[in-house]
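Chains as they are written, first to last, in this note's numbering: chain A, 60 to 195; chain B, 60 to 195; chain C, 60 to 195; chain D, 60 to 195.
The hints are simulated quantities; they were obtained by calculation from the structure and are not laboratory data. Keep in mind that the hints are not guaranteed to be accurate.
If several chains are the same, the list does not tell them apart, and a pair holds so long as it fits within one copy or across any two.
As a list, the in silico BS3-like pairs of lysine-lysine whose alpha-carbon atoms are at most 25 angstroms apart [to be verified]: (1) K172 - K105; (2) K105 - K166; (3) K181 - K105; (4) K132 - K166.
Protein chains: 4
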Amino acid sequence: MSKIERVGITIEKELLPAFDALIAAEGYTNRSKAICDLIRERLSQKQLSQSSAYAVAGVFLIYDHHETKLSQKLVGLQHNHLLEVIASTHVHLDHHNCLEVIMLRGKVMDIEKLGNNITSLKGVKLSRMNMMAIEA
Amino acid sequence: MSKIERVGITIEKELLPAFDALIAAEGYTNRSKAICDLIRERLSQKQLSQSSAYAVAGVFLIYDHHETKLSQKLVGLQHNHLLEVIASTHVHLDHHNCLEVIMLRGKVMDIEKLGNNITSLKGVKLSRMNMMAIEA
Amino acid sequence: MSKIERVGITIEKELLPAFDALIAAEGYTNRSKAICDLIRERLSQKQLSQSSAYAVAGVFLIYDHHETKLSQKLVGLQHNHLLEVIASTHVHLDHHNCLEVIMLRGKVMDIEKLGNNITSLKGVKLSRMNMMAIEA
Amino acid sequence: MSKIERVGITIEKELLPAFDALIAAEGYTNRSKAICDLIRERLSQKQLSQSSAYAVAGVFLIYDHHETKLSQKLVGLQHNHLLEVIASTHVHLDHHNCLEVIMLRGKVMDIEKLGNNITSLKGVKLSRMNMMAIEA
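My request is simple: use the sequences and hints to build the entire structure.
What follows is the structure, given as structure tokens:
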């Protein structure tokens, strides 16, 4: 559990009711958590802009179910073993398509390099990748 | 000038120094302005998710300099005159390419419809579009 | 395996070598697969812009490890059981943080509604969500 | 006018009618132009990922109309005159707000550095920035 500090901020008067309405609609019961979340998100984005920062990534693939061992092939794309596969989950979507989610940990630059090579793999139809900065 | 209100928030202790360092690096001299900017950005994004909200848009185009009257063609794509062109600026980039920036005002849904049709225009090579929510 | 068709396209002469270099660097051995991937991606994006289309989503969360049963809480946010949880994977990142990836299937609008409510949950520190269009 | 080349590609049979329908809805009269646009967009994105590549940028600001000389302040943020302002356009949106669009040319890394500092300027309420890669 993190220690908590109380700070005062000045805010334009018309922003507050609009923000309070928005966060209430999103299920927040607490304005401070909503502001902390904005700050945390901004810090995470900044960290991701540094190529040597550490991040976890979720690689999300739809591919032809005839292809196999995609996780290994993906990691094989990284010759120097710079990325650590934390976990992967495989789901059968329908007759033709599988969904695979691979969670990785490594430096932003190595994750991005991997991301650029995913869709080229035989059988891969669509891919998405997310990164979130973490402490090393 | 907006009226200003003072509010207190609780924030995790380790977030503050990291946030203060980030905003100082971006030129902020004032933590409250940085937090207000995060809130304003979030409100704007929310408003843009509503298709009947009003927005201003900036359409950025690179196109072949042999093509002319793109602003008119673009607006012509909107048969019912649902968008108002506020201003447009035309720049010669090089022998082959012009840059045109067109500022529009209208409903999000009408701006998006236009955005989907821009690149199909003869001579257009690349396009980008931005929206920012405004009060109607 | 999909049936394949051969089509001819005309392309600006200077685009081809640049595109061939880019896709080779990304590991493609086949220009047609690279073009099909661009087309597939574009079709998927278009489909996702329709709120009643079907999609699979990957929700990525970092949260405080003291919080439990996030998958259930997340789905509980959707009172009408409009989303189907396909699978979820839980990973311990460090003393303070867990990573959870939840794969969902449903309509774009229901997934987006869920996405807007995730970060408000107690203990959630960061979240990302991806969608990929699929056939219903 | 660019020289044109004819190439053959193989494409999954079910992708073609879906792609043709999508591009027709977007106003394309020509499948080859639609495919060239996808290729050009991909090349541009790739080029923008290289921090020393050249780009044009459109900076799009909403700010309090009491603030003046924003273009100069913005460029002043770049002490070493690494960016060239091509043009700027100023529009009065309403009693409180102005819209300013500033077109710049320079290296990706210098444009990004500027982009990170824009919102910190006094009076700036919202900002967006677009880049499109160009030949130097």
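Here is how each hint holds up against the structure:
Within a single copy, K172 and K105 get their C-alpha atoms as close as 19 angstroms, and across copies as close as 12 angstroms, so both meet the 25 angstroms cut-off. Taking CA atoms no more than 25 angstroms apart as the test, K105 paired with K166 passes in both settings, with 14 angstroms inside one copy and 20 angstroms between copies. In this homomeric assembly, K181 and K105 come within 25 angstroms of each other (Cα to Cα) only across copies, at 21 angstroms, whereas the closest approach inside a single copy is 34 angstroms. For a Cα distance limit of 25 angstroms, the shortest separation of K132 from K166 inside one copy, 19 angstroms, qualifies, whereas the shortest one across copies, 32 angstroms, does not.
The structure agrees with every numbered hint stated previously.
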